[in-house]
Structure formats: C-alpha cells, structure tokens
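Peer 1: The primary structure of each chain is shown beneath.
Protein chains: 2
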Amino acid sequence: MAFPQARAVVLLSGGVDSSTAAAIARAQGFELFALTFRYGQRHGAEVRAAERVARAAGAERHVVQTIDLRVFGGSALTDAIEVPKSDTVDEIRGGIPVTYVPARNTIFLAFALGYAEVIGSSDIFIGVNAVDYSGYPDCRPEFIVAFQHLADVATKAGVSGTPIKVRAPLISMSKAEIIREGMRLGVDFSFTHSCYDPTPEGSACGHCDSCLLRRQGFRDAGLVDPIHYATDDC
Amino acid sequence: MAFPQARAVVLLSGGVDSSTAAAIARAQGFELFALTFRYGQRHGAEVRAAERVARAAGAERHVVQTIDLRVFGGSALTDAIEVPKSDTVDEIRGGIPVTYVPARNTIFLAFALGYAEVIGSSDIFIGVNAVDYSGYPDCRPEFIVAFQHLADVATKAGVSGTPIKVRAPLISMSKAEIIREGMRLGVDFSFTHSCYDPTPEGSACGHCDSCLLRRQGFRDAGLVDPIHYATDDC
Chain U
2 MAFPQARAVV LLSGGVDSST AAAIARAQGF ELFALTFRYG QRHGAEVRAA
52 ERVARAAGAE RHVVQTIDLR VFGGSALTDA IEVPKSDTVD EIRGGIPVTY
102 VPARNTIFLA FALGYAEVIG SSDIFIGVNA VDYSGYPDCR PEFIVAFQHL
152 ADVATKAGVS GTPIKVRAPL ISMSKAEIIR EGMRLGVDFS FTHSCYDPTP
202 EGSACGHCDS CLLRRQGFRD AGLVDPIHYA TDDC
Chain W
2 MAFPQARAVV LLSGGVDSST AAAIARAQGF ELFALTFRYG QRHGAEVRAA
52 ERVARAAGAE RHVVQTIDLR VFGGSALTDA IEVPKSDTVD EIRGGIPVTY
102 VPARNTIFLA FALGYAEVIG SSDIFIGVNA VDYSGYPDCR PEFIVAFQHL
152 ADVATKAGVS GTPIKVRAPL ISMSKAEIIR EGMRLGVDFS FTHSCYDPTP
202 EGSACGHCDS CLLRRQGFRD AGLVDPIHYA TDDC
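Protein chains in written order, with my numbering: chain U, 2 to 235; chain W, 2 to 235.
Derived by calculation from the structure, the hints in this document are not laboratory data. Careful, some of the hints might be misleading.
[To be verified] Computed beta-carbon distance windows for the label pairs:
{"no.": "1", "chain 1": "U", "residue 1": "S161", "chain 2": "W", "residue 2": "P142", "range": "11 to 21 angstroms"}
{"no.": "2", "chain 1": "U", "residue 1": "S161", "chain 2": "W", "residue 2": "K86", "range": "21 to 31 angstroms"}
{"no.": "3", "chain 1": "W", "residue 1": "D189", "chain 2": "U", "residue 2": "D189", "range": "54 to 64 angstroms"}
[To be verified] Beyond 10 angstroms from chain U on every Cβ pair, some chain W residues (computed):
{"no.": "4", "residue": "Q6"}
{"no.": "5", "residue": "R27"}
{"no.": "6", "residue": "E32"}
{"no.": "7", "residue": "E52"}
{"no.": "8", "residue": "T163"}
{"no.": "9", "residue": "R168"}
{"no.": "10", "residue": "S173"}
{"no.": "11", "residue": "R181"}
{"no.": "12", "residue": "M184"}
{"no.": "13", "residue": "S204"}
{"no.": "14", "residue": "Q217"}
Just so you know, these numbers come straight off a predicted model, no measurement behind them. Note that the Cβ used here is the ideal one computed from N, Cα and C, for glycine as well.
My request is simple: use the sequences and hints to build the entire structure.
Peer 2: So this is what it looks like as structure tokens:
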C-alpha cells in the first residue's frame, strides 16, 4: 500500500501543547490522524476542545478513545481529590504533582502506536514538554527515548526495519516558546482548553497549575490569551 | 503505606498461558490483582474464562478494562477478517499472523503499569511466550526488556528508585512445559479458553492457531485437555 502523503498520529488533548504539536506535524507535511482520550476526566471540555482543534488543523480523521482510568484511581484528574490552586506559578509545589495520572503517557503512546501501525503511519507526535512540567516522569526526554526503543521492538513495522518514529518536538521548549511557535503556525488558541477544574459553564479556573502555567506562558510570550477565565469576571 | 503482602498485577486473558502465569505469581506469595481487557473481541468467552480463573486463583480483585481496538481495525481478532484454520500445528504459517493485534501487549502492559502504580504493586506478571508464538513481535524477550526499561523511567515508582518489575515467567517455556507447570500449581484448565473463533455455544473450534497449539501442547505434555472442542462432536 502506498500513501501519497506521509501520515502522522497526533495525540491531541486540546491544550496549548498538543495543538502546537499538531500544527508542527502539519507544517512538516504530514496528513494528521488525531487521537484523543476520554479517560474519566471530570469534565468533557478537553474533548470538545480537541474536536475543535482537530477540525481547525484539517485532520484527516479524529478518533476519540474512551478508557476508564477511574477503575484504577490515584489522581486528582480522575478521582475526587481536590485540584490544587495557587495565585502564581511560583507557588506551584515541586516534585510529582497530585494531578499526575499513573502511566498516562505510556497508555496514550501505546494506543498511538497501535493506531499508527494500523493506518501505516510513519510518525507519532506527542506534545510533552519537560521544561514546565518536569514533575511528571513521563514528560521527560528519557521517557520518549525509552518509548522509541519499545516501539522499535514491539511492532511489525519495527521488526520489518521501518520503525514508527516517536516525535516530541516541544520537549525542550518553554511554554512561551510553544505559544509563539503555535501562533506562528496559525494555531487559534481560543479553541484550546488547559484548565484542570473548569466552571460548569466551561470557563478556565485561572488558578490550577495548568491555568497558571498557561497564563504565565502568554505573558512571557508578550501575547494575549484569547480564552475566558472565571476570574476575569471578578 | 505498607502492605502486609506484596501485590502483583496479573494480565489475565483466561487462556492457558496467563492462567499459569497467575498461578506462578500466587505460588511466589503475591496477592493477585487480575486485569483483563474487553477489546472488541468477537466473543465474550475470553472474559468469562478470565473471571472463572481469577476466582479460582483467589485474586484479591479482578478489573475488566474495556477498550475499543476496533476503532483502529487491523486484526482478525477485532475485525471481520477470517481467522485462519488448519488441521495440524505444522500448517500454521510462518511470519507475523493475521491474528496479530497491533501494539496489543504494549497497551495491556501500559494499563498494568498504571494499575500497579496506583495500588502499590511491586510486580506485573504477563504470560507471554516466545517459543510457540514467535510470530508476534510483542511476545519476544527483547520486548519485555524494552518495556521494563520504559517502566523504570515512566513512573513515580521508577523515579523514586523502586521500579515496578515486569515478569514474564513463561517467556522461554514450550506450551507443554507451561501446561505441566500449570497442572503442578493446581490450575484447573477446564476454566480456561484459548480459541480465536468459538462456536455460538462457546465451544473451541479446534482448528485456529490457538486451538492447535493448545491441543499439541496437551499432547506433548501427555495430558488430557479438559475443554470441549466442537470437532469432538463430529
């Protein structure tokens, strides 16, 4: 089977990072096959954002895979544990945050690998970023390297000598650099969603780690964040 | 958190291999947390077998995770592709079989890793076997080694210096050796299910690769396979 255009599976959460990763894959000439997970988040805002972003990026297909990480428990994003809130980025605690979902990126990349193999995709793009999220073990360069090695031996493609390449183009970029690169490539950040704890109307809380890092990133980039924050109303 | 007994997550398909792997984990003193996938198989017989085996093995808990691999397609086990049938083991074709599900063991181990981390499990058991299933890239020793390395860097446990150990005790055993070991440890093989294409009543077809390898294994072990085959009626 020959494909006129190289295909890439893009893990798309609907946040700033994965939306920029999708734009980078697009700019490199790939046909995009977006993959999003509904994994017992406490809100569907992420999935809706991913749908908007996939459409805007001209994805050939967008698959939403439902998995139940609640059955294992263990994270503020899937459990009833309270999402920590702060006023500034400096208040974000060190170490591995309670919002860490065990093995999440391993699970996401494993599905991406299966999807890539089925559709004959040569590349997988993941928007992980070690600078602003260094607390997560599965956002580090050594994790990507280890997953690449796994992909080389785990798949028919790898055994046949054409391993699927795992690309993490944002791995050493700051949030501000990611935002600038996304802007340059035409990402409409008003479509994106980053908040761990949005209001029932879907507004970002403005105070969870993810909101704080996003807002600081836009400030550092000298750009205006186009989304609405609940705190804007106060 | 201290646990009185070491915990192991056991990937349990309900077949001969994973049932024996569970018995080995049990014999080594682990408290068992069984994990089974409902992944768009064309039959639920596997999941029912896994439930019987988990109960018989005295598992502390048995989680059935539903995932939709059909959305990707690409395998006789999830698609409508015909399952190949033969009369003897020698007729099984070389190379990677069409029953290969892309990245299946990578996905299963990724979930097991998340589960293990959540419950504080020190070990994961998987019943892969490179001798009789050498056609599957993700049943080889190098796959297990690569996944172990990934587990070391992907998790909080690994980063904290107590990585979760991935154990594949059957990796270099023949099917006959696995069956003998299972028998020795008290596995009731009448509870297990191996067939890729059972009859509507749940009887094994007797001619798919999995049935052929199982039957040959029992013959080689000099033991009687206690399950019913549709061909027994002819």
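Peer 1: Taking the hints in turn, state whether each one holds.
Peer 2: Cross-check of the supplied hints:
{"no.": "1", "hint": "U:S161 with W:P142: 11 to 21 angstroms", "verdict": "holds (19 angstroms)"}
{"no.": "2", "hint": "U:S161 with W:K86: 21 to 31 angstroms", "verdict": "holds (26 angstroms)"}
{"no.": "3", "hint": "W:D189 with U:D189: 54 to 64 angstroms", "verdict": "holds (59 angstroms)"}
{"no.": "4", "hint": "Q6", "verdict": "holds (19 angstroms)"}
{"no.": "5", "hint": "R27", "verdict": "holds (21 angstroms)"}
{"no.": "6", "hint": "E32", "verdict": "holds (16 angstroms)"}
{"no.": "7", "hint": "E52", "verdict": "holds (15 angstroms)"}
{"no.": "8", "hint": "T163", "verdict": "holds (13 angstroms)"}
{"no.": "9", "hint": "R168", "verdict": "holds (17 angstroms)"}
{"no.": "10", "hint": "S173", "verdict": "holds (17 angstroms)"}
{"no.": "11", "hint": "R181", "verdict": "holds (29 angstroms)"}
{"no.": "12", "hint": "M184", "verdict": "holds (31 angstroms)"}
{"no.": "13", "hint": "S204", "verdict": "holds (30 angstroms)"}
{"no.": "14", "hint": "Q217", "verdict": "holds (25 angstroms)"}
Hint compliance for this structure: no hint is broken.
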